[in-house]
Structures are given as structure tokens and as C-alpha cells.
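Q: Below are the chains, spelled out letter by letter.
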Amino acid sequence: MWLWFHKLSSPPYAYRTAGKLRPWFFWLALAVIAFSTYGGLVLAPMDYQQKDAYRIIYVHMPSASMSLMVYVVMAIASAVGIIWRMKLAHALAAAAAPVGAWFTVLTLATGSIYGKPMWGTWWEWDPRLTSELIQLFLYLGYMALRSSFDDVQRADRASAILAIVGVVNVPIVKYSVVWWNSLHQGPSISKLSAPSISMSMAWPMLLMLLGFVLYFAAIMCDRLRAEILRRERNASWLIESAVRS
Amino acid sequence: MPAGSTQPGLLRLIGLVVGRDLKLAFRHWDQVIQPLIFFAIVTTLFPLAISPALEELRRIAPGVVWVAAMLASLLALESLFRADVEDGTMEQWTLSGQPLSVMLLAKTATHWLLTGLPLVLMVPIVGTALGMPRSVWPVLAASLALGTGCLSILGGIGAALTVGVRRGSVLLALLVLPLEMPVLIFGARAVDMAMHGDPVSGPLNLLAAMLLLFLSLGPFALAAAMRISVES
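If you read the sequences in order, they're chains A and B. Just so you know, this note's numbering puts 235 at position 235 of the first sequence, and the rest follows in order with no gaps. Just so you know, this note's numbering puts 210 at position 210 of the second sequence, and the rest follows in order with no gaps.
Hints are computed from structural coordinates only; laboratory data are not their basis. Just so you know, not all the hints are guaranteed correct.
Simulated restraints, written as ranges between beta carbons of each label pair [said to hold, decoys possible]: (1) B/Val170 <-> A/Ile197: 37 to 47 angstroms; (2) A/Val243 <-> B/Arg20: 56 to 66 angstroms; (3) A/Arg244 <-> B/Gln98: 51 to 61 angstroms; (4) B/Arg20 <-> A/Tyr13: 36 to 46 angstroms; (5) A/Val72 <-> B/Leu22: 53 to 63 angstroms; (6) B/Glu56 <-> A/Asp47: 35 to 45 angstroms; (7) A/Arg16 <-> B/Gln34: 49 to 59 angstroms; (8) B/Leu22 <-> A/Asp150: 27 to 37 angstroms; (9) A/Ala53 <-> B/Leu215: 39 to 49 angstroms; (10) A/Tyr13 <-> B/Leu95: 36 to 46 angstroms; (11) B/Val102 <-> A/Trp179: 26 to 36 angstroms; (12) B/Arg20 <-> A/Pro171: 36 to 46 angstroms; (13) A/Asp150 <-> B/Arg12: 38 to 48 angstroms; (14) A/Asp222 <-> B/Val170: 29 to 39 angstroms.
Over the 12 angstroms line for every Cβ pair with chain A, so calculated as not near, a few chain B residues [to be verified]: (15) Leu11; (16) Phe46; (17) Pro133; (18) Met195; (19) Gly197.
A quick note: this is a predicted structure, and the numbers were derived from the prediction, not measured. Cβ coordinates follow ideal geometry from the N, Cα and C atoms, glycine included.
Using the sequences and the hints given, assemble the complete structure.
A: Okay, here's the thing in C-alpha cells:
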């Protein structure tokens, strides 16, 4: 039953599988993002209070979810790499870090742009914004630690520890609006109760989140393949297939 | 685990680690007080940079003391593991068959006694320097006592990760400061609330909870990080 998991730990298999899956993820992502953009900009109704300015939430909220999701993926991959000593899990974590950092930058930037008309300020030191900024520093620290080691294996294991220790910030970001009365609005979508936002406004956000996840999967296929190439450049399977083609 | 009487028990092991570190520290006590002098100097910079008026300093005093404490603890972390890793002692510790997590926690606790606790004892000095009312000093001392404990453990994990890196002090700061930000937020907030007369049990309890969390899970991260750094 776990055969697929063990198969994926082989670099040539993972390389080929990622190559095959990538077009599916990419084109599906493009289609979903395009449709969500249309839904968010055109189909969703205008807010009675914020008029059209609220529409940036269709980019802001999915990026915020992705910035946290990618870090969790990194932490899980790092844990898998340490426990099962799977090189590719470490490669996945290494490849995912810059993507997560960019999602965090996008969240902070779109949040700033949203904040100016809404709250009258580009920035506030409220708990959610502060913890999201800490999230960005955690990503940057992870990438800095990785690059400071010459030996790939030590870099992998050291940054895995850092990723696992840093995952404690993710629930802080997520629940910051529940635990503190802050400027940032509270959670509108919860698993357990009816959403406080109407469905006609919410569906482009959820669909855009799906689009971002698919886009992340597509990007990760490319980045994982590049990481495999970098790590396995002296391996016989790679040299043979390069010579053959 | 051999049942022979040649293996020390856990308490004896901790006693040996703590005793060794204290002995080494007292031989070089001039190096031990350097972070404390740094703390005093940084605290002095703010009245020079902002305003000598005590009413204005009073308002920013909690934050200033806390940031100075964080920076001083970062400097002090250099002396936590580097000497032992460089002369091979740490390698022997990882091979010794004794629980590395316990030994490293004992080492970190001793380090706190030498670098964190003195900051707490310096509260009257910095409190007077920044014009903080005397009624607030106990809250500042309590928040620093709990907070520097957290900073020592988090800093220890960062130090263990970066001990093999050339010129790793800046990297250590980059890794450890974001993780320490919640400690700073609650620590400074507790003192700020005390200055406004509000009850401080909230932030202080949260600091204590964080310290307990780091005390319980930190040693495993410390040991894992140290094994990675030492085996090359």
C-alpha cells in the first residue's frame, strides 16, 4: 500500500513523475485562476460598505493561506526527511522555501494595498500582521541557514530542525485574530460553523485558493526536478539519460 | 543501558555538567561579564539618542530594556557551545552514551545562571537609569527572569545549529530573533501594563507557559541540532 511512497523516494522515478504531472497541474491552475479572477472581478457582487475595493481579498486571502500551507508542507517534508532519511523529502523542503517566502511577500503587499483604503494606513502592528511578518523572517532564516553549509546533507538536516521548530508560528498567525481583538478582521470561513460571508462573495476566494494550490503543485514539479538535477548531477542514471537524449 | 555502578546517575550527570561549566566560567569571569556590560551600554544609548528627559524615557523603558536584554543574550550565546565544539568535548559527549538532551539542557541552564540571571539583578540599575517607577521593578524582574530563560533555550537551539558555520553570529541572530519575538511582545507588554496600573497576570502567565514549553521540548531540538553540527 505504501509502494507509491517508497517509489517516490527514488530520484529518477520522482523526476519522471514530476515531469509528467507538471503540464496537468499548470494548465488546470491557469484555468482555475483565470476563472476565479473573472468571478472575483466581475461576477461577485459589490460590497455595500467597501464598494469594489474589497476585491483584492481574492488575491490576499489565498496568498495568506498558501504562505502558511507551504511552511507546513516544508515542516512535514523536513520531518519525513529526518525520520525516514529520505533525500527527496529534504529536496522538496529546500525547493518549497522560496515559493513560500514569495507567497508571504504577496500577502503582506496585498494586505498593505487593502489596508490603505480600508484602515487609512499601509501598516499596523497588530498581531496578525506582525506574526505574518515573523513568518517571512522564518522563511528567510531557513534559506539563509541552508546556504551557509557547504555539505548538502548537513544543510538538509540543520534546516529541517529549524523548519520543525519554526512551525509553532503557523498556529499563532492563524489564531491571532481569534485570540486577540485586533484591527484585522476575524475569520469569515470556519470548518465548523456557517461562514459569515455570503457564498456569492466567497466562492471566487475558495476557487482562487484551489488555483493557487494547483499552481504551487506545478511550480514544485519544476523546482523539485531542478533540485534533483542539482543534487544528482554525478549520478549514473542522469548521465546516461543525458547521453542518450 | 549497562547496570554497572560505573555509569553516573542522572542527577550526578547534571551536577558534573553544571559544576564543570561554573568552574570554567569563574576562571574567565571577565569574559562572563562582557554581555552584562554590553547590556548596560545599550541601555545608555537610548537616553543619548532620544532624550535625557526621564518622563519620555519612562514611556519607552520597557521596550528598551527588553531589546537590550535580547541583544545581550545573543552576544552571550557565543560562549555557550563554541569552545566545547572546537576542542572536541562535544563530540565526546555525543559518543558518551549519556542522554545528550539532559546534558545540553544542564549546560544551557548554567549559561542562563551566568548571563540571564545577572540581567534580572541589574533591574534596579537600568530601572533607575530609564526613570522607571520602583513599583514596576518587580514586574520587570519577573518578566526578564522568565523571558531570559526562554531566550537561553531558543538561542541554544540556534547556537547548536550554527556552531559549525564560519562567522555564524549574524546568522544566529537572523534565526533566533524571529522565534524570540513572541517572548519580547509579552515580556515588554507585561511591564508596560504594570506601568499603567493594569494587572499583569496575563502576559506573565503566558511567558511562564512559553518557558515550560521550551523546557519540555527544547532539549530534544538541542540534542538533534548538536548531533547534526558535530558529526561531519
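Q: Check the structure against each numbered hint from earlier and tell me which ones fail, lowest number first.
A: 4 and 5
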